[in-house]
Amino acid sequence: MVSGYSFSKSELVIYPISMLFFTFEFRQTFGVWGALFFLALFIAIGYFKEKGFQLISVFYALYALLMNSFLGYIVAAPLEYLFSLMSFIPIEVLYLLVAMMPSIINYLIIKTLEYVYPEYPLKSFREINDFSLVVLVIILFTVMGLLYRVLTIENQTEIVSWQSNLLILILFLVVVFSLLLLNIHFQRQKRKEIQILKDEQLLQLQEYTKHVEALYEEIHHFRHDYINILTSLDDGIKNQDIKRVQEIYESVIKPTKQTFQTNHFMIARLSNILIPEIKSLISAKLLIARQNKIDIHVEVVEPIDKVDTDLLSLIRVLSNLLDNAIEATSEINDSWIRIAMFKEEKTVTIIIENSILELIDIKKINDMGYSSKGTGRGIGLHTVQKILKNDASLFLETSSDQQVFSQVLKIAGNDL
Amino acid sequence: MNIFILEDDLFQQQNLRRTIERISQEEKIPYKNLIVTAKPDVLLENLTLASLHNLYFLDLEIAEYDKTGLEVAQRIRKQDPFGTIVFITTHSEMAPLTFAYKVSALDFIEKDQEEETIIKRIRECLLLANMRIEKSISDDALIFKNKFTNLQVPYSDIYYFETTGIAHKLRLVSKNKITEFYGELSEFENIDTRLFRCHRAFVVNLTNIVSIDRTNRLIMFPNKDECNVSRRTMKELIKKMNQ
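Residue numbers (this note's numbering), protein chains in the order written: chain A, 1 to 416; chain B, 1001 to 1243.
Check the hints yourself; a few may be wrong.
Taking CB as the label site, the calculated pair distances span [to be verified]:
no., chain 1, residue 1, chain 2, residue 2, range
1, A, Pro90, B, Ile1191, 38 to 44 Å
2, B, Glu1115, A, Glu213, 36 to 42 Å
3, B, Phe1011, A, Asp234, 44 to 50 Å
4, B, Gln1113, A, Glu217, 26 to 32 Å
5, A, Glu207, B, Asn1190, 49 to 55 Å
Please keep in mind that the hints were generated in silico from the structure rather than gathered at the bench.
Treat the numbers as computed from the prediction; the structure is a model and nothing was measured.
The beta-carbon is built from N, C-alpha and C at its ideal position, and this holds for glycine as well.
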């Protein structure tokens, strides 16, 4: 629920029921061991869902368990009081309610948070994978240890002392506070990343503008030449000098066809992309490709004004795919890159193709550090896979034959 | 096979017609009708009479007409999914990647190049379209469509489908191609007898299995990928493989 894992319907039914059953059966002996059991269970669920062990699933496991314990502790007393008023209800219903309440409350809290602050979801924690998460996990672990120590002592003595209540309150605050801190840290990190991207984008747009201005210059020149050509053609026609007309056509007019087929007019085709972040990124990469003597071909046949996805993820994926294409084609004679971007009903598709010299093992390229150009490179596609793993709106198709390596990125929109 | 030509420049139109007639005589390519027009509507009307696997030569930009060649191509695609579409256009309008993807256009022939090259390309297209008719009967592919997806993969290339950990996001691993797309694994269970759900997370193509490891309950594929088999389905899998 918190983690954003997708559960099938049967799983959704089986997990809570088995958990309820477990709590119910062992309510007398439920203590540290029970908690550890659940912790292991949650981590195991995370392991299966992520298809591998991730620190983040430890965090989710700890979070689920702690929230359950705290909220359970908080609701237990009032519920018990309520039940003491209505003694006709069997005591089993009380246990059931106490067991279910925490998840319900937790669900409500998270939904409200997501509703009020859509940009602060706990799901986004999965994008952080650094030191701060380790610290948080350690804090949560310590809190859990202390909490269960207090609870076991309390269970044994059967007296609820105000000290232990205070301690539990403090622990609860520690958890909430550390979650808040991590969230702030995460937001700051993200804002920093966006700022860096924005600065980069500004530079790239300036480059693009320079390029388009140069193109304008070129067309301006051509217009000047064109009028001269017309004048001399006019002359030839007036004098019925077909030989001269032929000469002018062969030597002057025919070559102008080339002017408009060269690489730098291709970049002007990006004008149909109306999303500045994407336009600037692609133009910057294509200018690099051109410097590396790579033949480029661009197709944007219709205006693209919006993509319905997280722009930051998209930019990172695109940037890696383009870098990969440039890396694969640099320093190779007659190499080329082709890019197309177009709409279809609800999806925007971006195709990036590059020439290759031999069939590429598409299974291996996504591995960390694999590259057809030797070790130390190829981290890019691994990053792409990591982003795609967490994004429900981006779909990638990778294929290769003997001459062409192709990546097709489909952006399906968030309203799936 | 019928051959359609959509071209609004009369001179180019007649030129193209003559070229096609000559080549099909030389190469002995049989066709029922050769329909030549400058109006997209005329072409689309004639479509209903047409047989499948037609060959279309379309000009991308038709002057004084609001339907572009692409729209016409999309209409054609709806009625004749296996027809061969060739665009005839100028260099500045060239967008082969886009049109290959959108309407599976076969080729682009540039108007502004040497006549010999143009004739050579037309010949290639005619030969290929003719070959497609003969081949298409044996060509059997998985076709899967929804609002975000348009899959068309030959069964011989399919290795397996798997879940990705994100709801509705599936991955198809085939020969030289990995495709992520929107769908449910259960949609592929009963689509064809060659496909088999061997695990919660996998649907495999039985005809491309290289070997089965019974002790570790794994299926091996030509690209050295492995898929898990659940205990429940192992027996059925072995039975199906022995058939």
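Hint-by-hint comparison with the structure:
{"no.": "1", "hint": "A:Pro90 to B:Ile1191: 38 to 44 Å", "verdict": "51 Å, violated"}
{"no.": "2", "hint": "B:Glu1115 to A:Glu213: 36 to 42 Å", "verdict": "38 Å, holds"}
{"no.": "3", "hint": "B:Phe1011 to A:Asp234: 44 to 50 Å", "verdict": "24 Å, violated"}
{"no.": "4", "hint": "B:Gln1113 to A:Glu217: 26 to 32 Å", "verdict": "28 Å, holds"}
{"no.": "5", "hint": "A:Glu207 to B:Asn1190: 49 to 55 Å", "verdict": "54 Å, holds"}
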